[in-house]
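There are 2 protein chains.
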Amino acid sequence: MVPPTALIPIPAQLTSRSGAFVLTAATQLTAPDILRSQAELLRDQLRPATGLPLAIAASARGACISLALDASLARLGDEGYRLEVTPDEVSIHASRATGIIHASQTLRQLLPTAIFRRAPVSGVAWAIPSVEIEDRPRFAWRGSHLDVGRHFMPKEFVLKHLDLLALHKLNVFHWHLTEDQGWRIEIKKYPRLTEVGAWRKDSMTAPRTKDPTLRKFAGKPHGGFYTQDDVREVVRYAAERGITVLPEIEMPGHAMAAIAAYPELGNTGKPIEVLTYWGITDHVLGVGDNVLRFFEDVFDEVLELFPSKFIHVGGDECPKVEWRQTPAAQARIKSEGLKDEDELQSWFIRHFDSWLARRGRRLVGWDEILEGGLAPGATVMSWRGEQGGIAAAKAGHDVVMAPQKPTYLDHSQTELPTEPAGIGGHNSLEDVYAYEPVPKELNGEGARHVLGAQGQIWTEYMPDPKRVEYMAWPRLTALAEVLWSPPETRDFASFKSRLEMHLERLAILDVNYRGRFRPPD
Amino acid sequence: MVPPTALIPIPAQLTSRSGAFVLTAATQLTAPDILRSQAELLRDQLRPATGLPLAIAASARGACISLALDASLARLGDEGYRLEVTPDEVSIHASRATGIIHASQTLRQLLPTAIFRRAPVSGVAWAIPSVEIEDRPRFAWRGSHLDVGRHFMPKEFVLKHLDLLALHKLNVFHWHLTEDQGWRIEIKKYPRLTEVGAWRKDSMTAPRTKDPTLRKFAGKPHGGFYTQDDVREVVRYAAERGITVLPEIEMPGHAMAAIAAYPELGNTGKPIEVLTYWGITDHVLGVGDNVLRFFEDVFDEVLELFPSKFIHVGGDECPKVEWRQTPAAQARIKSEGLKDEDELQSWFIRHFDSWLARRGRRLVGWDEILEGGLAPGATVMSWRGEQGGIAAAKAGHDVVMAPQKPTYLDHSQTELPTEPAGIGGHNSLEDVYAYEPVPKELNGEGARHVLGAQGQIWTEYMPDPKRVEYMAWPRLTALAEVLWSPPETRDFASFKSRLEMHLERLAILDVNYRGRFRPPD
Numbered sequence: 001m002v003p004p005t006a007l008i009p010i011p012a013q014l015t016s017r018s019g020a021f022v023l024t025a026a027t028q029l030t031a032p033d034i035l036r037s038q039a040e041l042l043r044d045q046l047r048p049a050t051g052l053p054l055a056i057a058a059s060a061r062g063a064c065i066s067l068a069l070d071a072s073l074a075r076l077g078d079e080g081y082r083l084e085v086t087p088d089e090v091s092i093h094a095s096r097a098t099g100i101i102h103a104s105q106t107l108r109q110l111l112p113t114a115i116f117r118r119a120p121v122s123g124v125a126w127a128i129p130s131v132e133i134e135d136r137p138r139f140a141w142r143g144s145h146l147d148v149g150r151h152f153m154p155k156e157f158v159l160k161h162l163d164l165l166a167l168h169k170l171n172v173f174h175w176h177l178t179e180d181q182g183w184r185i186e187i188k189k190y191p192r193l194t195e196v197g198a199w200r201k202d203s204m205t206a207p208r209t210k211d212p213t214l215r216k217f218a219g220k221p222h223g224g225f226y227t228q229d230d231v232r233e234v235v236r237y238a239a240e241r242g243i244t245v246l247p248e249i250e251m252p253g254h255a256m257a258a259i260a261a262y263p264e265l266g267n268t269g270k271p272i273e274v275l276t277y278w279g280i281t282d283h284v285l286g287v288g289d290n291v292l293r294f295f296e297d298v299f300d301e302v303l304e305l306f307p308s309k310f311i312h313v314g315g316d317e318c319p320k321v322e323w324r325q326t327p328a329a330q331a332r333i334k335s336e337g338l339k340d341e342d343e344l345q346s347w348f349i350r351h352f353d354s355w356l357a358r359r360g361r362r363l364v365g366w367d368e369i370l371e372g373g374l375a376p377g378a379t380v381m382s383w384r385g386e387q388g389g390i391a392a393a394k395a396g397h398d399v400v401m402a403p404q405k406p407t408y409l410d411h412s413q414t415e416l417p418t419e420p421a422g423i424g425g426h427n428s429l430e431d432v433y434a435y436e437p438v439p440k441e442l443n444g445e446g447a448r449h450v451l452g453a454q455g456q457i458w459t460e461y462m463p464d465p466k467r468v469e470y471m472a473w474p475r476l477t478a479l480a481e482v483l484w485s486p487p488e489t490r491d492f493a494s495f496k497s498r499l500e501m502h503l504e505r506l507a508i509l510d511v512n513y514r515g516r517f518r519p520p521d
Numbered sequence: 001m002v003p004p005t006a007l008i009p010i011p012a013q014l015t016s017r018s019g020a021f022v023l024t025a026a027t028q029l030t031a032p033d034i035l036r037s038q039a040e041l042l043r044d045q046l047r048p049a050t051g052l053p054l055a056i057a058a059s060a061r062g063a064c065i066s067l068a069l070d071a072s073l074a075r076l077g078d079e080g081y082r083l084e085v086t087p088d089e090v091s092i093h094a095s096r097a098t099g100i101i102h103a104s105q106t107l108r109q110l111l112p113t114a115i116f117r118r119a120p121v122s123g124v125a126w127a128i129p130s131v132e133i134e135d136r137p138r139f140a141w142r143g144s145h146l147d148v149g150r151h152f153m154p155k156e157f158v159l160k161h162l163d164l165l166a167l168h169k170l171n172v173f174h175w176h177l178t179e180d181q182g183w184r185i186e187i188k189k190y191p192r193l194t195e196v197g198a199w200r201k202d203s204m205t206a207p208r209t210k211d212p213t214l215r216k217f218a219g220k221p222h223g224g225f226y227t228q229d230d231v232r233e234v235v236r237y238a239a240e241r242g243i244t245v246l247p248e249i250e251m252p253g254h255a256m257a258a259i260a261a262y263p264e265l266g267n268t269g270k271p272i273e274v275l276t277y278w279g280i281t282d283h284v285l286g287v288g289d290n291v292l293r294f295f296e297d298v299f300d301e302v303l304e305l306f307p308s309k310f311i312h313v314g315g316d317e318c319p320k321v322e323w324r325q326t327p328a329a330q331a332r333i334k335s336e337g338l339k340d341e342d343e344l345q346s347w348f349i350r351h352f353d354s355w356l357a358r359r360g361r362r363l364v365g366w367d368e369i370l371e372g373g374l375a376p377g378a379t380v381m382s383w384r385g386e387q388g389g390i391a392a393a394k395a396g397h398d399v400v401m402a403p404q405k406p407t408y409l410d411h412s413q414t415e416l417p418t419e420p421a422g423i424g425g426h427n428s429l430e431d432v433y434a435y436e437p438v439p440k441e442l443n444g445e446g447a448r449h450v451l452g453a454q455g456q457i458w459t460e461y462m463p464d465p466k467r468v469e470y471m472a473w474p475r476l477t478a479l480a481e482v483l484w485s486p487p488e489t490r491d492f493a494s495f496k497s498r499l500e501m502h503l504e505r506l507a508i509l510d511v512n513y514r515g516r517f518r519p520p521d
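Those protein sequences? They're chains A and B, same order as listed.
Heads up: the first sequence begins at 1 in the numbering used here, then just goes up one per residue.
Heads up: the second sequence begins at 1 in the numbering used here, then just goes up one per residue.
Chain A extracted, bound-state conformation:
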């Protein structure tokens, strides 16, 4: 039997009892019609390895796993749940469907790790230890960011990543869809965004260098994109697992792939190519009405695809070189009564802040959107340390913490020379586990503006899914616990010991976490 102490993340309250519930061919799932799809998902998670039918019924006859909505559990919030296992029954209650989904993940972790196999396993007793759990997350925003611009990641990997987020009760998938190096989402009105913008001639490889003469390249083209039907599939798949997909369309910097497709979006009108190396370039969007209309059209399609309340517009790393040199940009500064190019960027972001607000959405941007004045409805994602987040929260804005130290998962996990070469920096598993999303500088109202945090996966030096998994895991496991569990339960030694069994689960799921395989040298 699996010790309940191997759960990740730790539930808010857990009491162990004696005895266990054992899944058998007679075990039924019972659920009201309104929880039918949650019951089906749970069955799909339990059936492949057990080979048991786990019929779904409206009411129980004998041993069952019962799902139910219970308004009295509103005290546990939108995502909380109650899970009770006795030798006779497993009962899952929550005030909303999302709680049922999280409880199902806890239930999976209470079973032997073989439950994660995709075909029947012989000789395993499918016992669930008797427990009483009441659980709820500490933060509402528990995110995983993935950059598919630098390296395109296949849809199948995105779906697998969503399964892993669900397993860890992470609930926001931040999909960084556009970059200098590639535009990854089909936009019907502007087909060249993917016909041209999704492809580049080559890709820079490690080691990182800022000296153009020292750059090395893979020597082959790279690209790919998601059709709108693919995006719908990903969004629905995520929603079924309690995850919101946050799309990011980068502007006004990091948009060279769009400019390569439609040169009139730039400042010079001159043709450029989709970028093949990493870093920050001077080529940014122009500020003409045509650019605003173009991206409004893009967002029209994006809003149709993504029900997320939040929409990310990037806003980071936008050099002002071209705007200083471009008469149209200077004219815009004058006509709008702006002080300088910083305010011009702020004007640009404010435009989309109010455009999105009129459509019932809220803008999110990286912390550079503070420069030149923060748009009134904006939520800030604080990546250059915590100061941007602190300032925004103090000013009454919502904040998502994403500081490079320790939430940038493109930094290496150890300082060993055997780590794959990458972007530099170092965030250990222990660093991530020790992270406290609410800075000391914030309390009361300011602290409440910290919605949560997320782990960032920038893929300059991650050419394929297996490398992404190497960098992401198990650090995202640590972050999941930081964001879900009560802070007083935080204990790295306990985490490390629980992680052992959890890594078995990840290995069965064929996750290439750091440490799974080790070459003999």
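A few of these clues could be false.
[As the list claims (entries may be wrong)] Pairwise CB distance ranges (calculated): (1) B:G62 - A:Y262: 29 to 39 Å; (2) A:D70 - B:A63: 31 to 41 Å; (3) A:G360 - B:K216: 36 to 46 Å; (4) B:E504 - A:A63: 42 to 52 Å; (5) B:P212 - A:F217: 18 to 28 Å; (6) B:E504 - A:K201: 22 to 32 Å; (7) B:G425 - A:D163: 31 to 41 Å; (8) A:K201 - B:G219: 51 to 61 Å; (9) A:G515 - B:R448: 27 to 37 Å; (10) B:P212 - A:K201: 52 to 62 Å; (11) B:K216 - A:D282: 30 to 40 Å; (12) B:G515 - A:E445: 55 to 65 Å; (13) A:G515 - B:G515: 36 to 46 Å.
[What the hints assert, rightly or not] Just some of the chain A residues that point at chain B, by a computed CB distance under 8 Å: (14) P53; (15) R117; (16) A119; (17) P120; (18) P154; (19) D163; (20) F217; (21) G223; (22) I423; (23) G424; (24) D464; (25) K466; (26) R467; (27) D510; (28) R514; (29) F517.
[Stated by the list, open to error] When the alpha-carbon atoms are kept at most 25 Å apart in a straight line, the in silico PhoX-like pairs for lysine-lysine are as follows: (30) A:K201 - B:K466; (31) B:K334 - B:K210; (32) B:K466 - A:K216; (33) A:K270 - A:K189; (34) B:K405 - B:K210; (35) A:K160 - B:K160; (36) B:K216 - B:K201; (37) B:K309 - B:K189; (38) A:K220 - B:K216; (39) B:K496 - A:K220; (40) B:K220 - A:K220.
Since the hints were made in silico from the structure, they are not lab data.
Note that beta-carbon positions come from the ideal geometry of N, C-alpha and C, so glycine has one too.
Given the coordinates of chain A, assemble chain B onto it according to the supplied hints.
Frame of chain A; chain B shown alone:
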């Protein structure tokens, strides 16, 4: 509604009627207990995209998809089935469960391509055109070979590949598990096989060269292996989909990874490393009793894991250099009364032929096992053209056709300079579709010895799953039709036109088939 003419492979008999059956929330699956798991698999294939509950019941109430065993369909063989769709009912009959599995794949292809999505799709009418189909395969052995020795392929990719084989009614997965460049299957008695043999320091990259001074390398270590539990999962997953997994343990050549792990298996006793480049080397297994016992131990574990009647022992490309120079090998030739080193290889293979036969299994080997005398129970896999297969079939042995032209899918699909660099050679989609597995030289009894054929995926120049998919598809689609459909239905123009819709299916399944994405240049 999907035209029934888009089916791949073509059914033996198809009659279209008017009208259609439409899946709704009321649609039930009915199946006797003995077909319960086939019903569950079908539900798992229909539910994600439709979002419909598709409850499974023992008997029908209203509109249903019914599965049933019917002894009178024994005339359609072990894999044949009858599928009848009317506006009121879908009925699937077969004499064995495998036929039900194949019929389910046909049913999926009769639905709109969106049925292959993994989350609910809005706005699609899930209509199945009325048809009467009676179907059975032309050949019993319809295979796909995958070399995971040259490049390790993650378990998740193997499972996906099995799903694709099932979609194409291919029924043998030939898993090439050991090579000079890597040993990929955990053997409990000999842990160094994977601790040492599964890892190499580097990997040769394209372009191919036989000049050691011109070889280029990736510059990073490579490796990986499957645990025995992983293997069990793959084998069961395949079996649920009507697919037999044929394991290959290479001997006496292509075994350097094993020798690197246990130098006493070689002829020199000297330590060697797991090979980092491609080709044929002089380092082969020794012929001492210790080597026979070692591989008997290995096969003891392999037979436990793989229920397949057939077991592949390799037998190809074994240079005799070391045996000529090794006193122990020369002594074995003398003591066994053998003529030369060719007969020594034959003696080696015969040993395992009879060892396997005593355990109720049958040995398969590449066509070099003909040299020096074919072992009495051996089945020959004919790869160096068809002559080996013809000779073996005439001598009364069973044969599986795997000739380089046109079943080697590591050869490029076109002669365009834009194809990724690889091993050389060229087998077009049309070549594969035109392939006739029974050579003109064989008829009657000889022709009956041709069990079927298979496509070979050697991965020297396929470093990852996406490259494998690029090389495999859609050529395996063409081969599937060759091996399943009646030869009189063969028509490349028809295939090409049906392929269009089929590629939509493959794109939805995120298969990187050749032609799916095209960079602009």
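We went through each hint and held it up to the structure:
1. Taken as a hint, the range 29 to 39 Å is violated for the pair G62 (chain B) and Y262 (chain A), whose Cβ atoms sit roughly 54 Å apart.
2. Taken as a hint, the range 31 to 41 Å holds for the pair D70 (chain A) and A63 (chain B), whose Cβ atoms sit roughly 35 Å apart.
3. At roughly 55 Å, the beta carbons of G360 (chain A) and K216 (chain B) sit outside the given window of 36 to 46 Å.
4. A hinted range of 42 to 52 Å holds for the C-beta pair E504 (chain B) and A63 (chain A), which are about 44 Å apart.
5. Between P212 (chain B) and F217 (chain A) the beta carbon distance is about 26 Å. The supplied range of 18 to 28 Å therefore holds.
6. Between E504 (chain B) and K201 (chain A) the Cβ separation comes to about 28 Å, which falls inside the hinted range of 22 to 32 Å.
7. Between G425 (chain B) and D163 (chain A) the Cβ separation comes to about 39 Å, which falls inside the hinted range of 31 to 41 Å.
8. For the pair K201 (chain A) and G219 (chain B), the beta carbons lie near 21 Å from each other, so the given range of 51 to 61 Å is not met.
9. Checking the proposed 27 to 37 Å range against G515 (chain A) and R448 (chain B) shows it is violated: the Cβ atoms sit about 53 Å from each other.
10. One distance hint, 52 to 62 Å for the beta-carbon pair P212 (chain B) and K201 (chain A), is violated here, with the actual separation near 31 Å.
11. One distance hint, 30 to 40 Å for the beta-carbon pair K216 (chain B) and D282 (chain A), holds here, with the actual separation near 36 Å.
12. About 57 Å separates the C-beta atoms of G515 (chain B) and E445 (chain A), a value consistent with the hinted range of 55 to 65 Å.
13. Here the CB-CB span from G515 (chain A) to G515 (chain B) is close to 39 Å, well matched to the stated 36 to 46 Å.
14. Hint on P53 (chain A) holds. Least Cβ distance to chain B is approximately 6 Å, under the 8 Å limit.
15. Nearest Cβ of chain B to the Cβ of R117 (chain A): about 5 Å, under the 8 Å cut. The hint holds.
16. Interface restraint check for A119 (chain A): the shortest CB-CB distance to chain B comes to about 4 Å, inside 8 Å, so the restraint holds.
17. Taking 8 Å as the C-beta contact cut-off toward chain B, the hint placing P120 (chain A) at the interface holds, the least distance being around 6 Å.
18. Taken as an interface hint, P154 (chain A) checks out: its beta carbon lies about 5 Å from the nearest beta carbon of chain B, inside 8 Å.
19. Interface hint status for D163 (chain A): violated, as the beta-carbon distance to the closest one in chain B is roughly 10 Å, over 8 Å.
20. A cut of 8 Å between beta carbons decides the hint on F217 (chain A): the least distance to chain B is about 14 Å, and the hint is violated.
21. Given the 8 Å rule on beta carbons, the hint for G223 (chain A) holds: about 6 Å separates it from the nearest Cβ of chain B.
22. Using the Cβ-Cβ criterion of 8 Å, the hint placing I423 (chain A) at the interface with chain B is not satisfied: the shortest such distance is roughly 17 Å.
23. A cut of 8 Å between beta carbons decides the hint on G424 (chain A): the least distance to chain B is about 18 Å, and the hint is violated.
24. A hinted interface residue such as D464 (chain A) counts as satisfied when its beta carbon comes closer than 8 Å to some beta carbon of chain B; here the least separation is about 6 Å, so the hint holds.
25. The interface hint given for K466 (chain A) is met, as the beta carbon of that residue sits about 7 Å from the closest beta carbon of chain B, less than 8 Å.
26. Below 8 Å, beta-carbon pairs count as interface contacts, and R467 (chain A) has none with chain B, the closest being about 10 Å; its hint is therefore violated.
27. Residue-level restraint check for D510 (chain A) holds (minimum Cβ-Cβ distance to chain B is 4 Å; threshold 8 Å).
28. Hint status for R514 (chain A): violated, given a least beta-carbon distance of 14 Å to chain B, over 8 Å.
29. Because the smallest distance between the Cβ of F517 (chain A) and any Cβ of chain B comes to about 6 Å, under 8 Å, the interface hint for this residue holds.
30. Annotation: proposed proximity of K201 (chain A) to K466 (chain B) holds, straight-line Cα distance about 18 Å (limit 25 Å).
31. Between K334 (chain B) and K210 (chain B) the alpha-carbon distance is near 35 Å, which puts this suggested pair outside the 25 Å criterion.
32. Between K466 (chain B) and K216 (chain A) the CA atoms are separated by roughly 23 Å; this keeps the pair inside 25 Å, and the hint holds.
33. Restraint check for K270 (chain A) and K189 (chain A): satisfied, since their Cα atoms lie roughly 22 Å apart, inside the 25 Å limit.
34. At roughly 22 Å between alpha-carbon atoms, K405 (chain B) and K210 (chain B) fall within 25 Å of each other, so this suggested pair holds.
35. The straight-line distance between the Cα atoms of K160 (chain A) and K160 (chain B) is roughly 12 Å, inside the 25 Å bound, and the hint therefore holds.
36. For the suggested pair K216 (chain B) and K201 (chain B), the alpha carbons sit about 13 Å apart, so the restraint of at most 25 Å is met.
37. With a C-alpha separation of about 23 Å, the suggested pairing of K309 (chain B) with K189 (chain B) holds against the 25 Å cut-off.
38. With a C-alpha separation of about 15 Å, the suggested pairing of K220 (chain A) with K216 (chain B) holds against the 25 Å cut-off.
39. Between the alpha carbons of K496 (chain B) and K220 (chain A) the distance comes to roughly 29 Å, so the proposed pair goes past 25 Å and is violated.
40. At roughly 18 Å between alpha-carbon atoms, K220 (chain B) and K220 (chain A) fall within 25 Å of each other, so this suggested pair holds.
This entry does not satisfy hints 1, 3, 8, 9, 10, 19, 20, 22, 23, 26, 28, 31 and 39, going by the numbered hints stated previously.
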